[in-house]
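Trainee: So the sequences go chain by chain: P and H.
Following our numbering, the numbering of the first sequence begins with 1 at its first residue and continues without gaps.
Following our numbering, the numbering of the second sequence begins with 242 at its first residue and continues without gaps.
Hint data in this document are derived by calculation from the structure and do not stem from the laboratory.
Please note: incorrect hints may appear among the correct ones.
Distance condition first, Cα-Cα at most 27 Å in a straight line; then the derived DSS-like pairs of lysine-lysine [said to hold, decoys possible]:
#1 K403/H x K455/H
#2 K406/H x K162/P
#3 K162/P x K402/H
#4 K222/P x K161/P
#5 K165/P x K403/H
#6 K241/P x K403/H
#7 K161/P x K402/H
#8 K230/P x K161/P
#9 K482/H x K162/P
#10 K165/P x K223/P
#11 K403/H x K392/H
#12 K402/H x K464/H
#13 K402/H x K165/P
#14 K455/H x K162/P
#15 K406/H x K165/P
#16 K161/P x K406/H
#17 K403/H x K161/P
The model shown is predicted, which means the values in this text are computed figures rather than measured ones.
Here is what each chain is made of, one letter per residue.
2 protein chains.
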Amino acid sequence: MSESAATGILYLIPATIAQEPVQWSLPENVLSVIRSLDVFIVENEKTARQFLKSCNITIPQQQLTIFELNKHQGNIFEPSFFQPLLEGRNTGLLSEAGCPAVADPGSHIVAEAHRQNIQVVPLTGPSSLLLALMASGLNGQQFAFGGYLPKERTDRIAMLKKAEKDSAARNQTQIFIETPYRNNALFDDILTALSPQTKLCIAADLNAPEQYLKTMRISEWKKHKPALNKRPAVWLFLAGK
Amino acid sequence: MSESAATGILYLIPATIAQEPVQWSLPENVLSVIRSLDVFIVENEKTARQFLKSCNITIPQQQLTIFELNKHQGNIFEPSFFQPLLEGRNTGLLSEAGCPAVADPGSHIVAEAHRQNIQVVPLTGPSSLLLALMASGLNGQQFAFGGYLPKERTDRIAMLKKAEKDSAARNQTQIFIETPYRNNALFDDILTALSPQTKLCIAADLNAPEQYLKTMRISEWKKHKPALNKRPAVWLFLAGK
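Excised from the complex, chain P in its bound form (with noise of 0.2 Å):
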């Protein structure tokens, strides 16, 4: 199971998620990888080449080799990505905002290199859904994370129940993210769908200076309607006692 001397390191590469200053959620040895590396995986590479320069890279980006994902429907995977991994080139599998393979595209890449054998080394940055589940104050022993809601309201609204109902039987916060464009819309839904004992916590702009972030009861939410109208958001909640 060792690996090949001869193969590179896949780096995962966490990346700012409000156009933050890179000092205030990269460490300084994540962004000497990052300033290492002349390979990246990327979902978009005109914006991936933004990041890097806001890292400071000495590399002239035209020197480096960018496989973009987005080209590829689905979770294609094209031999090519692995060529300089393969060659010993260490590799940096980045994210559009936050962690690769964490509501984000990626993990079939990941999983294409455990099956070759290439050593894989994870990053810290940040993770919206992290610094959510943080500060909601609301179970951070047992959750579950759902990803995007259904469009169509019918079936938000089935979804939102089945998942406070999981929340009450296992005690599990209950995370879910949004386009920001339906936050109101769906802000409504969740008043309309959950009891009002459950505990609800919108956490939008992190670690944007407009943070907002705010845990209260259903009834409670029901008084108070935020601004949140296009600005990224995740959702959590905990069935209440």
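Following the hints, complete the assembly by docking chain H onto the known chain P.
Mentor: Relative to chain P, chain H alone:
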């Protein structure tokens, strides 16, 4: 809902997870916040002081106000913890390792801050759960953290089988932790409880030089027993197709 200008901020401070250098897993601005504080709520005073020393704080240790959670059984909140906050002094809630309130004590402190309208600011740092999930190659779009597994073998096997059923029904990565000296027993129970097709990731000693990270199907793990005794580990699995 606006916070009073007179109250301080409750910062949620992650700590290193493998005695790695702080530059490896804590951003420079997070270290600056830590160095600016003179009030902390901690799990254990002695190890908290060691961690603060490793952050090169400049305020003399004897001038720090440190409240200890461990002295108080259960999730009891002592009003004295928030006295400095109410007087306008920023306070740090510090985990023993990793992120406060996630697989660790502290969520009742955060909940109380929300109740008292005290501003909560979560800071970025290492989380063994998140690093393991990123690096597992398993599903990061749906996952559940179940905390510690039951100690008793029959209960533990039943819990593993239930989690595998959930995993199959929801395409949900299941994440657990275990006391390190029980790793070998847990490994044996996992091989007994789970289906050959299920993918298991073991992530041990994350952020340490001796990091161990491997994802394979149960059928493959049956041929490769890892040396895990007393190594802190995260266990993740996803029912296979």
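Trainee: With the threshold set at 27 Å, check whether the alpha-carbon distance from K165/P to K403/H stays at or below it.
Mentor: holds (17 Å)
Trainee: Within 27 Å, alpha carbon to alpha carbon, are K403/H and K455/H?
Mentor: holds (23 Å)
Trainee: Sort out whether K406/H lies within 27 Å of K161/P, counting only the CA atoms.
Mentor: holds (21 Å)
Trainee: Hey, K222/P versus K161/P, does the alpha-carbon distance stay inside 27 Å?
Mentor: Distance of about 17 Å is within 27 Å: holds.
Trainee: Hey, K455/H versus K162/P, does the alpha-carbon distance stay inside 27 Å?
Mentor: Not satisfied, since the Cα-Cα distance of roughly 34 Å exceeds 27 Å.
Trainee: Take a quick look at whether K162/P and K402/H sit within 27 Å of each other, Cα to Cα.
Mentor: holds (21 Å)
Trainee: For a C-alpha distance cap of 27 Å, please report whether K403/H and K392/H respect it.
Mentor: holds (16 Å)
Trainee: Would you mind confirming whether the straight-line C-alpha gap from K482/H to K162/P stays at or under 27 Å?
Mentor: holds (25 Å)
Trainee: Does K223/P sit within 27 Å of K165/P, going by the straight-line distance between their CA atoms?
Mentor: holds (24 Å)
Trainee: Within a Cα-Cα threshold of 27 Å, do K403/H and K161/P meet the stated pairing?
Mentor: holds (21 Å)
Trainee: Is it true that the CA of K402/H sits at most 27 Å from the CA of K464/H?
Mentor: holds (21 Å)
Trainee: Given the hint that K406/H pairs with K165/P, does the C-alpha gap stay at or below 27 Å?
Mentor: Holds, because 18 Å separates the two Cα atoms, which is no more than 27 Å.
In this structure, only the earlier hint numbered 14 is contradicted, and the remaining ones agree with it.
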